[in-house]
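Colleague: Residue numbers (the numbering used here), protein chains in the order written: chain A, 199 to 689; chain B, 14 to 346.
Derived from the structure by calculation, the hints contain no laboratory data.
Bear in mind that the values here come from a model prediction, so they are computed numbers and not experimental data.
Beta carbons: idealized from backbone N, C-alpha and C, even for Gly.
Check each hint, because a few of them may be wrong.
Listed next, with one range per pair, are the computed distances between beta-carbon atoms [claimed, not checked]:
#1 Ala625(A) <-> Ser30(B): 45 to 51 Å
#2 Asn38(B) <-> Gln227(A): 39 to 45 Å
#3 Ser30(B) <-> Asn607(A): 30 to 36 Å
Mimicking SDA-like on lysine to any residue, the simulated pairs with C-alpha atoms at most 20 Å apart in a straight line are [stated by the list, open to error]:
#4 Lys204(A) <-> Asn38(B)
#5 Lys204(A) <-> Thr66(B)
#6 Lys204(A) <-> Pro97(B)
#7 Lys202(A) <-> Leu402(A)
#8 Lys235(A) <-> Arg36(B)
#9 Lys202(A) <-> Asn38(B)
#10 Lys156(B) <-> Arg283(B)
#11 Lys204(A) <-> Ile35(B)
#12 Lys235(A) <-> Asp64(B)
#13 Lys293(B) <-> Glu117(B)
#14 Lys235(A) <-> Val62(B)
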Amino acid sequence: MSLKYKIIVLVGGIIILLMMVISISFLYQYRATIIEKEVHNVRSLTDAVTIPIIDAFIYGEQDDIIPHELLERYISYLSDRIEGIQYAYIYDRERELVTFSNFRKPPGYQPQGIPDLNLIPPGAEVVSIYSHEHNGWVIEVVSPIQIAGMHWGFVRLGFDGSNMRREIGSIFFALLALSIGVTGSALLVLYLSIGRLTRSLGKLTEAIDTFDLMSADTEVSLPASNDEIGYLSKRFELLQKRLIESKYDLAESQRNIYRAEKLAFIGRLSSGVAHEINNSVNGIQSCLYAIGNDPKNHEQTEEYMKLINEGLQHIEIIVKKLLEYSRKNSPSMASVNLAEVVGNVMKLCSYKLQSQGISIAFEPEPGLPEIEADKHLIQEVLMNLLINSMDAVPEGGCICIRAGRKDRNSIYLSVEDNGSGVDPENADFIFEPFFTTKDTGKGTGLGLSVVQGVVESHNGTITLDSKPGVKTVFTITLPINGKHERTVNRG
Amino acid sequence: MEKHLLYDQPESPSARSKTSVIRTNILYLIVSGFLLLTLLISFFLYFFVLDLTGTYVSEEEYPYTSAHSADRPVKYFGIVSRYPPHIIYQGYQPLMNYLTNHTEYQFRLKLSNSYDDTMDQLVNGEIDVAFMGSYIYASSRHKHNLESILKPLNENSEAFRRSVFITRGDSDIREIADLRGKKLALASRRSLSGNWVPLYTLSMHQLSPEDLKTVTNYAHHHTVIYKVQQGEYDAGAVRDRVAMEYEASGIRIFYSSDEIPTSPVVVSKRQDPHIVDQIKNAFLNLDMETILAERIYHNWDLDLSFGFIESREDDYDFILNILDTLGEEVLEP
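Turn these sequences into a full structure, and let the hints steer you where they fit.
Modeller: This is the structure in structure tokens:
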């Protein structure tokens, strides 16, 4: 759930709960007040009504009679004068009914749901409210007819309670409408406010999301306000500026690194070339010196000429490989069966493998497809990797060649051995020309750089995963159709 | 050119739309649930609030003295009722409760319309004891063999009162002699302090009613006060306590009479002495502290609030002397 709705649900819920609590409190307060007022009214009315009844009882007492007739007349008088009175009952002190009248009900009607008169103490006054199917809501007062402890009986008066109930009902609906109105308004204001806030946040998020460092000069529209969002926008603007400055600094640094790297590369290349050629040239010079000292020694001359030839051939090989490395001509692409290529290379190396006691295995995955590649170059690549592995593994070591589909568009080819491996500090330079860890004369230092050149000319990649003394894996990835599959690095 | 994104890429439009629909549905569900809940609460609240059934007042029982003495012999206390019966009961029923609580009898009020009726009731035994006016007692005690046994005390513990002459605060009447040629209002002709004593006072100051412009009697002391206040009369004569009530309302007292014994509690000489003793003892032990301690007497008549002392039967014979001085015949009941 979004922040907007979380806030609305949380704050809205609190507002609704608060309004409910406040409204219910008010409602009960009003209800209690209305009931209290009405009870007070009927009690006051009853007190007033009771006075003539007391007088009647006193007059009757002077003559030793109960003044039925007088009381009946009085009750009848009440029905005419007091609006809302429903019934009146008068009892003597023995709780016997003296007289009664139902002003609106048929004769013989008795109110129901009233308290038992015998349970009421002589001096107590009881007000009760009850509902009756014919009479509706009634407020009944049972009041003693007494003065200062002189007790003549009870008067029981029923008053119409429907007005009081209607008043409470009106207040209920008024408070309900008020609560709905206030809550609705509060929620609407909340919704609009939060909407404005989240729109600003969304705008900022979108700006952050679409910020492109490569085209960072483009103006990005950000929410401008004097609140926290505006402050955040300003901080983001500053961040943008710092990133752009960093981009230029980075580019400058990269250029410097590139220049330094190029110079270092040229240095290493020159020293490699010089080293390899100097060795041969020194040998040739030594041979020529010996021949010059003893030109008539044909046997020596013949032997030294062979050595000179070998030296020149070595120089030729170096120059040739150097040319191959730098030439990077487009390979001649054709459909290549990798299993076949691997088989050929394994045959070529079989003698050496056997002589060193190295076991070799080829584990192609089923369904290995043919690829578009230069067969000879791929063979050269595989040969170079195999030779490296053979040089690295000790006697009795093992080499495993694997091939299979990497994904829908590419295959992999890996050569794994359990030889000495590559130290981590050398891993960054291993594909550079003339970089070698082999003994002098054992390698030109051009093998892996040529391999990398060939792989890249096939739009492929080569990676190294080495744990010295455990295993070393060179993995080549090549597109099946020979075309470069552009990938986007996200992360 | 490859983008360098600082953030994860946003959801695709279709995924966003789907999420949005789910969110909206959840929101609708929550809102609908809340509305339904509110509706249900309102519904139940409506019926709960409008159900007013219940008992809202149940007051403490008023001490019902008579209930504790229902088996005792009933004795009737006579009293003249100048007001509606319930007013009389408010003032005197507490006294009956007191007597009931402090004697062996149950006392009840017996009202009558006049002192004459009370006198008759006392004579024919309908009542056992009565509050009686001083004049009526003095004038009839010999004929009907009556005896005054008690006199109420005032707030100064004095068993007498005075008759006072009053006038308006702005009047120039300062003494009795100033009444010559003025209009005078008096209380009932049977009232000692409202009629006979004032007339006697006039005579003591060498004035007769004929020396005044008019002399008129009214039934009640309060009526006299009202007439003077309204300016219908230049002066009036009433009981001191009644006049004092109105001193703050523009009434000025300019003359007070000698002491007049307060109205007596009277019995027939034929009455059982034991009952008389019981009544006397109860009244003589009555004081303000007792009245306040027993809250049932909260409406006790003020004139009877300060206790009683014994009365001699000839305490009121001076009234006969007054009448004689005035040359009036005794108006017997």
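Colleague: Hint by hint, where does the structure go against what was stated? Just the numbers, ascending.
Modeller: Numbers 5, 6 and 8 - these are the hints that the structure violates, sorted from lowest upward.
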